[in-house]
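Visitor: Chains as they are written, first to last, in our numbering: chain A, 1 to 385; chain B, 1 to 286.
No lab work stands behind these hints: they were computed from the structure. Quantities reported herein were computed from a predicted structural model and do not represent experimental measurements. Among the hints, a few may not be true.
[As the list claims (entries may be wrong)] Derived SDA-like pairs: lysine to any residue, alpha-carbon spacing no greater than 20 Å straight-line:
(1) Lys-109/A <-> Leu-56/B
(2) Lys-219/A <-> Thr-201/A
(3) Lys-109/A <-> Ser-194/B
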Amino acid sequence: MSATIRNGQIEVVAVTKTYHPGAPPAVDNLDLRIDHGSYCCLLGPSGCGKTTILRMIAGHETPTEGDILIGGRNVTNLPPVERGTAMMFQSYALFPHRSVLDNVAFALKMRGVSRADRNARARELLQKVHLEAFANRLPAQLSGGQQQRVALARALITNPRVLLLDEPLSALDEYLRLRMRGELRRVQRELGITFIHVTHTQLEAIAVADTVVVMAQGKIEQAASARDIFLAPRNAYVTRFIGGQNVISGAVERVSGATATAVTGTGARIELPVAELRVQPGEQIFGSLRRDRIRVRRQDAGPPPRDLINALSGEVHAIENQGSYVKVTIDAGDGEEFVANVLDEDFFLDPIDIGGRVVATWAARDVRLLEDRRSQPSGAVVAAA
Amino acid sequence: MKISPVLSSWLQIGPMALILVVFFGLPMLVVVVVSFFDFDHMSIVPAFILDNYDDLFSSDVTLRLYLSSIKFALIVWAITLLIGFTVAYFLVFHVQSLLIKIGLFLLCSVPFWTSNIIRMISWIPFLGRNGIFNQVLIATHVTSKPLEFLLFSDFAVIVAYVHLFTLFMVVPIFNAMARIDTRLIEAAKDAGASRYAVLREIVLPLSKSGIALGTIFVVTQVMGDFFVVKVMSGGQSASVVSALSNQIQELQYPPAAASAVILVIVVMLMVAGILRVVDVRKELAS
Numbered sequence: 001m002s003a004t005i006r007n008g009q010i011e012v013v014a015v016t017k018t019y020h021p022g023a024p025p026a027v028d029n030l031d032l033r034i035d036h037g038s039y040c041c042l043l044g045p046s047g048c049g050k051t052t053i054l055r056m057i058a059g060h061e062t063p064t065e066g067d068i069l070i071g072g073r074n075v076t077n078l079p080p081v082e083r084g085t086a087m088m089f090q091s092y093a094l095f096p097h098r099s100v101l102d103n104v105a106f107a108l109k110m111r112g113v114s115r116a117d118r119n120a121r122a123r124e125l126l127q128k129v130h131l132e133a134f135a136n137r138l139p140a141q142l143s144g145g146q147q148q149r150v151a152l153a154r155a156l157i158t159n160p161r162v163l164l165l166d167e168p169l170s171a172l173d174e175y176l177r178l179r180m181r182g183e184l185r186r187v188q189r190e191l192g193i194t195f196i197h198v199t200h201t202q203l204e205a206i207a208v209a210d211t212v213v214v215m216a217q218g219k220i221e222q223a224a225s226a227r228d229i230f231l232a233p234r235n236a237y238v239t240r241f242i243g244g245q246n247v248i249s250g251a252v253e254r255v256s257g258a259t260a261t262a263v264t265g266t267g268a269r270i271e272l273p274v275a276e277l278r279v280q281p282g283e284q285i286f287g288s289l290r291r292d293r294i295r296v297r298r299q300d301a302g303p304p305p306r307d308l309i310n311a312l313s314g315e316v317h318a319i320e321n322q323g324s325y326v327k328v329t330i331d332a333g334d335g336e337e338f339v340a341n342v343l344d345e346d347f348f349l350d351p352i353d354i355g356g357r358v359v360a361t362w363a364a365r366d367v368r369l370l371e372d373r374r375s376q377p378s379g380a381v382v383a384a385a
Numbered sequence: 001m002k003i004s005p006v007l008s009s010w011l012q013i014g015p016m017a018l019i020l021v022v023f024f025g026l027p028m029l030v031v032v033v034v035s036f037f038d039f040d041h042m043s044i045v046p047a048f049i050l051d052n053y054d055d056l057f058s059s060d061v062t063l064r065l066y067l068s069s070i071k072f073a074l075i076v077w078a079i080t081l082l083i084g085f086t087v088a089y090f091l092v093f094h095v096q097s098l099l100i101k102i103g104l105f106l107l108c109s110v111p112f113w114t115s116n117i118i119r120m121i122s123w124i125p126f127l128g129r130n131g132i133f134n135q136v137l138i139a140t141h142v143t144s145k146p147l148e149f150l151l152f153s154d155f156a157v158i159v160a161y162v163h164l165f166t167l168f169m170v171v172p173i174f175n176a177m178a179r180i181d182t183r184l185i186e187a188a189k190d191a192g193a194s195r196y197a198v199l200r201e202i203v204l205p206l207s208k209s210g211i212a213l214g215t216i217f218v219v220t221q222v223m224g225d226f227f228v229v230k231v232m233s234g235g236q237s238a239s240v241v242s243a244l245s246n247q248i249q250e251l252q253y254p255p256a257a258a259s260a261v262i263l264v265i266v267v268m269l270m271v272a273g274i275l276r277v278v279d280v281r282k283e284l285a286s
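Chain B on its own, in the form it takes in the complex:
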């Protein structure tokens, strides 16, 4: 049997297209449609109204929530980038033995052997008012009173985020760095580059694609999170999605849908911005 080239192309993209349409396209479409619906206490009413968007844009809570989420995203991005870049650099350029390299890399993934929720919740007995960390501080006379800001605070939220997402930064940067020809670094040293100059002139620019990918992973996850903020801030901080989840609990689906649509657009703009700075496709192709 002979398959025409057109048919074979469709067969090849078919499975992936089906998954994207059924599990991404259709739900997204439903959310967009629902965002224009009306609702009352008990049900949602099909309609085409702009009230949901109107409420969203006229409320100053929206801006506060976005600023809060973006603040978390930026802080977590900066910290995970610093840690991720350092860890990847160490693994790629300092560890000589391949076996030790693989071993340490696996070690990085050990926290992922348990669920996100358990990893996050395990911070509570550690950072709590009478938690291990405070007990150690008091026992060693560093402080006389337990530190209050450790848990149920922005600090705790950031600690949990960094813990959860650093590996998403390490892996792509590691990948990008591992592809750097070590002769380039020697050539730079030969030309008189200091260690710092090698980092700035060679390693950093050639790790750009990894940094961009890691940034996308971390930023989109922080922007889309509600659970960590809720648990680790003890309800004192909020994020875009935590407000959205409250609306869903109150069965206010149309405003939640409108909020989701706006969030998707904002995150897409952020990703587009990152891709504008670094052409990931070009970097990966070279």
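Pulled out of the complex, with its shape left as it was, chain A reads as follows:
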């Protein structure tokens, strides 16, 4: 094996990738640093450029502009084999005409390792993924989960310093997906190498990753720890995409100390922490509100209580039982999805039906200010933070 420095730190520097001249770039002037030995998830809807980044790190695409560094070395123009990376492809791309053993040993064969040596090493890896009994089968004779483990063994046989996983769990059923994502995390810990995992599933990213990078339209919306992505999304896009919190917004009415009071589109009053930020009256500000910190109660007959603060009234649009909690979607009349996750025991004390009118209330401390700003047509212009 090559004597490269086993440093799997990745730096993506001002990388742009354009497929067709004139078309919007798939990746747009993007900077990203991933520490050695960390588990990073690139998360975003399809077409956001996450797979393109992965393929550029792997060397299967060349950036139109910018550089890619692995372990401090510029690898932008190196072929995949000289990068010390290995890729696990979506739906695995196992060679259908070769046995499981030959699939796993393939990279060593390409490096000129003798048959005996490469088979011994491949068997060792198959043992690690508990597939030694299947060494002589063809990939088509294995289940999806087994194929995934073969793909993992095949990618790891060259001792890569970076493993790139393109939607590694999307071809599995739900039960296996949950099991295998824990398995991936365990393997990553054991090997101590960098994993970069592309997915469009929010919970998958949050479950496995140290760092989650949320992308949209070729740009990074937020790169942070899984916990921060979930609890402290930066803007309305990330908040909506991750889905653990609601986006609430309103026009600033007054500011007192670190708290701004805003009026929502439907006339409700909400409080948002603005800290030392200067906001102008009339300016539209956005906040995120944790779905599991919202209380929901029936609204008594008569007009909604206008004087309440941090409350929102509306009609129950959908109810989904999630086992330990119930997801209540409330239509507040402003088009923004508003969801309350109500603890199962609270919900079933007095179950609410679809169509029923409810009031949702929360405490101001569960709201965080988002970076989005929109000045009112006549309002003062404030630079975005």
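Starting from the structure of chain A, add chain B where the hints point.
Guide: Relative to the frame of chain A, chain B by itself:
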């Protein structure tokens, strides 16, 4: 009305079975029967004699004819395989735009817009002693005298065969290659495979079914041809079928039938050999 499952099965295979029996089974049976008949100058005489086969196997012309046909088949197979594989590879893996891919593919089929005979005969003014090719060679001072081997030779026969049959190699190989997941090739490159290794380890094995089908098309057509050999060799080369057609012109139907039976058996053995190497059914199913 309810149709029993047995009846519905028979109804489904009926039309195809009828065509096979009437247009393939019966004629074949007639040929086999006639191959045992006796004959004189004017007529064939129903009988059961083995003389026709006896003559066939005792004549050393038979072996020469088969060797000649097999030689042509092998050379043409090798050339069409090389061209067919290259063209298919280029179309599948190098041409990115689907529109250009379809356009080039149609271009391959342009020669088929005219009849085989015209396509073949058009080589004569090109390759002839005073043909275009020789004129160009002389005009550019590559040679001083016209090249004689170009026309009415084995060379001309092979040129015509390759021209006629290459597409039969391109199409099945193209089909097999088009079904290769491009991620397999990336996975191989990711594992450090060179371009040549990708070809050898991935593309070639996964194109096997197409190569086998193309081989069957080309080999059976060359083995069954008499016209190309006759015209392009100017009567200097012969094939199994050209000898057979001479016998038919001389109204010697029983020996011609015996010769046809043996040819069918030989070609069937060749096809069986190809199918033994590549299990086309398994390859097509996967």
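Visitor: What hints, given by number in increasing order, does this structure fail?
Guide: Those not satisfied come down to hint 1.
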